[in-house]
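Visitor: Given next are the chains, with one letter for each unit.
2 protein chains.
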Amino acid sequence: MTLKEGKEKFIQSWGALGSSWGINRTMAQIHALLLISPEALSAEEIMEELQISRGNANMNIRALIDWGLVYKELKPGERKEFFVAEKDMWEVVKNIIIQRKKRELEPMLRVLDEISSVDPDSEEAEEFIEIIREIKLFSNKADSTLDTLVKSDSNWFVGTFMKMIK
Amino acid sequence: MTLKEGKEKFIQSWGALGSSWGINRTMAQIHALLLISPEALSAEEIMEELQISRGNANMNIRALIDWGLVYKELKPGERKEFFVAEKDMWEVVKNIIIQRKKRELEPMLRVLDEISSVDPDSEEAEEFIEIIREIKLFSNKADSTLDTLVKSDSNWFVGTFMKMIK
DNA sequence: TTGTTGGTTCAGTACTTTTTGAAACTTCCT
DNA sequence: AGGAAGTTTCAAAAAGTACTGAACCAACAA
Numbered sequence: 064m065t066l067k068e069g070k071e072k073f074i075q076s077w078g079a080l081g082s083s084w085g086i087n088r089t090m091a092q093i094h095a096l097l098l099i100s101p102e103a104l105s106a107e108e109i110m111e112e113l114q115i116s117r118g119n120a121n122m123n124i125r126a127l128i129d130w131g132l133v134y135k136e137l138k139p140g141e142r143k144e145f146f147v148a149e150k151d152m153w154e155v156v157k158n159i160i161i162q163r164k165k166r167e168l169e170p171m172l173r174v175l176d177e178i179s180s181v182d183p184d185s186e187e188a189e190e191f192i193e194i195i196r197e198i199k200l201f202s203n204k205a206d207s208t209l210d211t212l213v214k215s216d217s218n219w220f221v222g223t224f225m226k227m228i229k
Numbered sequence: 064m065t066l067k068e069g070k071e072k073f074i075q076s077w078g079a080l081g082s083s084w085g086i087n088r089t090m091a092q093i094h095a096l097l098l099i100s101p102e103a104l105s106a107e108e109i110m111e112e113l114q115i116s117r118g119n120a121n122m123n124i125r126a127l128i129d130w131g132l133v134y135k136e137l138k139p140g141e142r143k144e145f146f147v148a149e150k151d152m153w154e155v156v157k158n159i160i161i162q163r164k165k166r167e168l169e170p171m172l173r174v175l176d177e178i179s180s181v182d183p184d185s186e187e188a189e190e191f192i193e194i195i196r197e198i199k200l201f202s203n204k205a206d207s208t209l210d211t212l213v214k215s216d217s218n219w220f221v222g223t224f225m226k227m228i229k
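The listed protein sequences derive, respectively, from chains A and B. Here this note's numbering is used: the first residue of the first sequence is 64, the next is one more, and so on. Here this note's numbering is used: the first residue of the second sequence is 64, the next is one more, and so on.
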């Protein structure tokens, strides 16, 4: 396989993977492109490489920065902005966990709390409250487990955890 | 909050959560409805409750069974099929991990392997191979960690792991 | 065999999300 | 102030995804 083919295949696959993770195709492709790029790239270069419009590039780069997966890099002398990807996979995953926890798990916990206030004025209501209570319990565990996971470092993940768990 | 409001809110929120997890809104809503239903429900009842068409109900129920989140229940005497949700949250999460691992992580591992065969015939190619190697290493770790996680049981998750990690 | 109940399929439609491209804005230089 | 280089925004269009409803299939009962 040639380098060009390999790069294309990687960008394409990373894009597909992203789609099923709430990260849109283009966003994931930009991330992939930056991941395998030894140099920081400008918006122009990204547009060119992925054949996308300026607006699209701009919005998705912004979103990537927002997720903490890409950094802006200002080269001295250049007025243009350049972008680099976070290349430590553990950092990437950690940032995704942080964002999704904030965007999805936390709102759900709030909803579960609200819902718990249903009047237990019937057999059915009691059963409902009990099921919600169990879901809440589980979600809270997941929440604090993720917190701990995010605080731990890469070495812990690749080393200790694997041994501990085996 | 009344029981009716609570149920609606839960179904609605679970649906929204699903959307960001590659599980479509209706599928997640059916799952929510079954989760909070003490009785198994028929397709008719689900259609009625969520105001969806027969085709939609059928396809999504089947997908849920496919994901291992819902079971078919045949009541003796009744020709109709009834459905119940898996109510153990740990089982639910485990099944989702299993499915997504199979659908997303494993194909990505295969692609990474293919890509590794790029000719290291330039500085750039060597850097590319190295980055891919790191991603592969990380993905393999994630893969086996998830395997172990899935094999472990609920008690381990809610008990030991939490203490261990603190 | 015919009618009834329930399940499945899928082409067309409706809805949602993403992308484009052009205009507006910002910064800096002369 | 005017202009060049770059970035941001957003309405409209395109692409992608989900849903409907009607036709079809299967099992059973009369």
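If you are wondering where the hints come from, they were derived from the structure by calculation, not from laboratory data. Take these hints with a grain of salt, some might be off.
Since copy identity is lost for identical chains, a pair holds within one copy or between any two.
[To be verified] Here are the computed lysine to any residue pairs in the SDA-like style, where the Cα-Cα straight-line distance is at most 25 angstroms: (1) Lys143 <-> Glu177; (2) Lys67 <-> Lys164; (3) Lys138 <-> Arg88; (4) Lys67 <-> Ser202; (5) Lys165 <-> Arg125; (6) Lys204 <-> Met110; (7) Lys138 <-> Asn87.
Visitor: Have a look at Lys138 and Arg88 and pick one of within, between, both or neither, based on CA distance no larger than 25 angstroms.
Guide: Neither, since 28 angstroms and 44 angstroms both go past 25 angstroms.
Visitor: Checking Lys67 and Lys164: alpha-carbon separation at most 25 angstroms within a copy, between copies, both or neither?
Guide: Neither. Shortest intra-copy (36 angstroms) and inter-copy (28 angstroms) distances fail the 25 angstroms Cα cut-off.
Visitor: What label fits Lys67 with Ser202 when the C-alpha limit is 25 angstroms: within, between, both, or neither?
Guide: between (44 angstroms within a copy, 23 angstroms between copies)
Visitor: Evaluate Lys138 and Asn87 at a C-alpha cut-off of 25 angstroms and name the case that applies: within, between, both or neither.
Guide: For Lys138 and Asn87, neither the intra-copy (28 angstroms) nor the inter-copy (43 angstroms) Cα distance is at most 25 angstroms.
Visitor: Treating 25 angstroms as the Cα threshold, decide for Lys165 and Arg125: within, between, both or neither.
Guide: Within one copy, since 18 angstroms is at most 25 angstroms while 31 angstroms is not.
Visitor: Please sort Lys204 with Met110 into within, between, both or neither, judging by C-alpha distance up to 25 angstroms.
Guide: neither (43 angstroms within a copy, 33 angstroms between copies)
Visitor: Should Lys143 paired with Glu177 be assigned to within, between, both, or neither, using CA atoms and 25 angstroms as the limit?
Guide: neither (48 angstroms within a copy, 36 angstroms between copies)
Of the numbered hints given earlier, the model fails hints 1, 2, 3, 6, 7; all others are met.
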